[in-house]
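These protein sequence lines are chains A and B, in that order.
Numbering (my numbering) for the first sequence: 972 to 1418.
Numbering (my numbering) for the second sequence: 128 to 434.
Calculated directly from the structure, the hints in this document are not laboratory data.
Take the hints with a grain of salt, since some may be wrong.
[To be verified] Label-pair distances were calculated between CB atoms; the ranges are:
#	chain 1	residue 1	chain 2	residue 2	range
1	A	G1318	B	R206	33 to 43 angstroms
2	B	E278	A	A1023	33 to 43 angstroms
3	A	S1362	B	E278	51 to 61 angstroms
No residue lacks a Cβ here, since even glycine has one placed at the ideal position from N, Cα and C.
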Amino acid sequence: MIANRGEIALRINRACQELGVATVAIFSEADRDSMHVRQADEAFCVGPGPAARSYLNIPNIISTALVTHCDAVHPGYGFLAENARFAEICADHGLNFIGPRARVIALMGDKATAKRLAREAGAATTPGSDILASVDAAQAAATQIGYPIMLKATAGGGGRGMRIVEEESDLARAYAGATAEAEASFKDGRVYLEKLIVAPRHVEVQVLGDEYGAIMHLGERDCSVQKPSHQKLVEETPAPNLSDETRAKLHEMALRVSRHVDYTNAGTLEFLVAGDDVYFMEMNTRIQVEHPVTEMVYNIDLVKEQIRIAAGEPLGYVQSDLIARGHAIECRINAEDPENNFAPAAGGVTKLVFPGGPGIRVDTHLYAGATIPPYYDSMLAKIVAFGDTRSVAIARMERALRETQVEGIPTTIDVCLDILTRPEFQGGRYDIELLVREPLLARQTRQ
Amino acid sequence: MHSHDAYVGIGSNVGNRLSTIESALVQLAKLGDIVAVSSVYRTRPWGRTDQPWFANAVARLRTPRSPFALFRGLKDAERLLGREPGERWGPRVIDLDLLLYDDLDVDEAGLVVPHARMHERAFVLVPLAEIDARFDALRDALGAANLSGVELLAPAPIARAARAVGESETAMSDEVGTLGERIRSLAAVFADEEVVRAKIERPGSEIELRRSANRQRSSPDSGGRSGSSEPGRLDTIKADLVGIFHLSRPTPAQGESFESDRELGYIEALGIRTPVHSMGGGRLASIAASDGEPVEYGQPLFVMARG
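Please construct the entire structure, taking both the sequences and the accompanying hints into account.
Structure (C-alpha cells):
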C-alpha cells in the first residue's frame, strides 16, 4: 500500500510496477481525480480533504491495508513517514513498514537524542550549553563557545524566545529579553545557547542499510538554496566547492552515525557546513524529496532499494561498487506566489507543458486540467537535470525551465531560473542565506 | 427507437481495472442506453494463465444500432480506451465483447453472436446471471470448481437499480474518471421506484436519468403507488470509515419501512464493529453495498426515503 499522495505516491507506484508488485493507493475526497489514484491497481478513499482526517487517519489507513490484503506499507515522505507509532502499528498488524525500525525512527525523531547519539558516534554537533541558570552562567558559556551565539527557549518554536548575540556587551539585555519572552509564550522561561553558524551551507548525505548490517552512503546533496522560510528549493549533487577532506569527513560521519543506531533502509543525515567545519543537525528516517539527484549520478533506484531491503534482501554490493558519475540538479516547482512571500496557491491548472530531451527527468502528479487542493504540500513537480559536468547540468536545467509552462496558478519556475543565472550559484559559492540577501535580483536587473 | 436488447462483456487486466471499466461504461453509454450493469468481479485469467487477474462485468444495453454497427462501435471504444492489437488470450487494457443481441444467431464477418463459448465461461455467466435471472441455471451448471475463480471485486448498486429503471438518458462529457461514479450514485438514488427523474449537473457536464411511464406501471414493486410522481427526500447513508461492511441481523430488506431509528448494518475495522444506523425512520430504498465486502470512506451503504 502506498500511504501518500502526489508525486511521491506515483514514484512509489512506478517502482512497484517495475518490480511486479500490485499496489493499493489511498486518497482523500479532495484527491479523487488525482493521478496516483488512477495509476494504482486499486484505490481506497480514507477520508475528507484535510490531511488530519485522511492521509494521517491511521485507523482508516491500516484498515485499508488489511481489507485489501496488503503485505507492506510505503509511507513516502511527510504525513506518517516519520511517525514511529505508525510504524509500530503496521508491525502489530503484520504489515511490513518500508523504512527503518520504529525504535530508530523514535530515537532520531527527537532532535536532542539524535544529536547525543551523533556525538557518541564521533560526529560534531553545533556547540551549545545546557539550560542556563543565570546571566552569569550564560556569560561563561558564551565565552567558552565563542561569539556570535544564539539564545534559544528550551520550550521554543517559531522564533519566540530567540536572540542573536554578536558580542558580550549585548548578552545581559538579550538574556533578559529571551527569558521574558519565553516565559510569556510558553510559560517556561528556561533558555540555552548555541554557537551561531553564520551563513552555513546545508549538505546532507544519503545512506542505505540492509537488515544484515551493511550500511553504505550514496554521496552528498547540497540543499543550501532555500526559501527565506528555510524550505529547500534547488538541490544538487555532488556539492560544489567542497574540499576532498570535507567531503570525505561528511561521508564518514554519516556512516558512523548510521552504524551507531544500526540503521536500516534509506535515510538522510543533514549537516551544516561552515568552511571546513561540519556539524550534524538531524537525520531524516525516510526517502527525501530530492532523492532523484542521487539516483541520477549513482544510476540507482532508491525506492526499489527500499522495497528490496524491507523484503529482507541484502544490498548485494559494497561501498566501492557505488561510483557516482556526472552532476545532477533538481528544481522544485511549487504552487506558490514568490511575490507574496511564497504563499501557497490552490486552483486549476489551465495549461501545462513539461520539458523533455536529453538529461531531463520530471517527477510530477500534475496534468492539464488538474485542480490543486488547498490542503496539502504545494509542490507540483520536480525537474531534474543531469550532465557530465556541473555546467552542462546547469545549462540543461535553464533550458528545461524555459520549456516549462504552467498556467492558472503562480509557480516558482521564474525564481528557480533567477537562482540558476546568479553568479553565486553558477560559481558554486552560495549558502542558505542566498535568497535572504538578494530575493529579487533577476527581476531588478530585468527592469 | 431503442428497440434492441444487447449484452456486452467487459474485461480488463492491466492498470486500474475498476477505473477502466468505469470508462468503458461511459463509452457504452454512447452506443445505447445502459439499463443494467453487473458488479465487477475479480477473475482468474482464461487460456494463458501466466498473466494478471482480470476484472469482469456485464452491461445490458438498449440500442438502436444494428449488430454490426454495435460491434464496430465496441471495437472503436476499445481503441479509444487504449487497447492495442495483441495476442489472443494475452493481457489487455480493455475487452468489449458482444455476448447477446436480441434472439439473434449470427456468425459472419468476424461477428459471432451469441458469443462463442460464453455458456462455459464463469467470468461471463456470473455477472450475466446477476442482471438476468434467465442465466442462473447455466451459471449453476458450471459447478463450484469453475465458479471459485470468480470473486466479487466491486459491488454495483446500478444492477439493483436497473431492474426498475426503464429508460436512462445520459449526457456525457470527457471527464471519465468521476463520471462512472456519478452514474453509480445516480443509479443508487434511482433504486427508489418513486423517483421519476434525477439529474446531476456539474460545470461542463450533466447526467439525467428518467423513468419511462409504461415501465413505472409495469414494475411489480411500485404497485398502487405508481401514480405518485413526487420524489421523496432521499438520504444516502455513507461509510465514515474503511472496513468490511456487514448487514445486521435480522437482515434489513429493500423496500422495508420502519418508524424509528434502526441499526441496518455495521462496519468491522481493526477488530471493532461500528454500527450503521438508518438515522431515523423511513423506507429503505436501496442497499448499496454488499454484505461482507470492503467499503471505502464515503461509500454509499443505504439509501433511505423519508417522509
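Structure-based check of all given hints:
For G1318 of chain A paired with R206 of chain B, a C-beta distance near 34 angstroms keeps the hint of 33 to 43 angstroms intact. For the hinted restraint 33 to 43 angstroms between E278 of chain B and A1023 of chain A, the CB-CB distance of approximately 35 angstroms keeps it satisfied. As the Cβ distance of S1362 of chain A to E278 of chain B is approximately 58 angstroms, the hint placing it in 51 to 61 angstroms holds.
Comparing the model with each numbered hint stated earlier shows that all of them hold.
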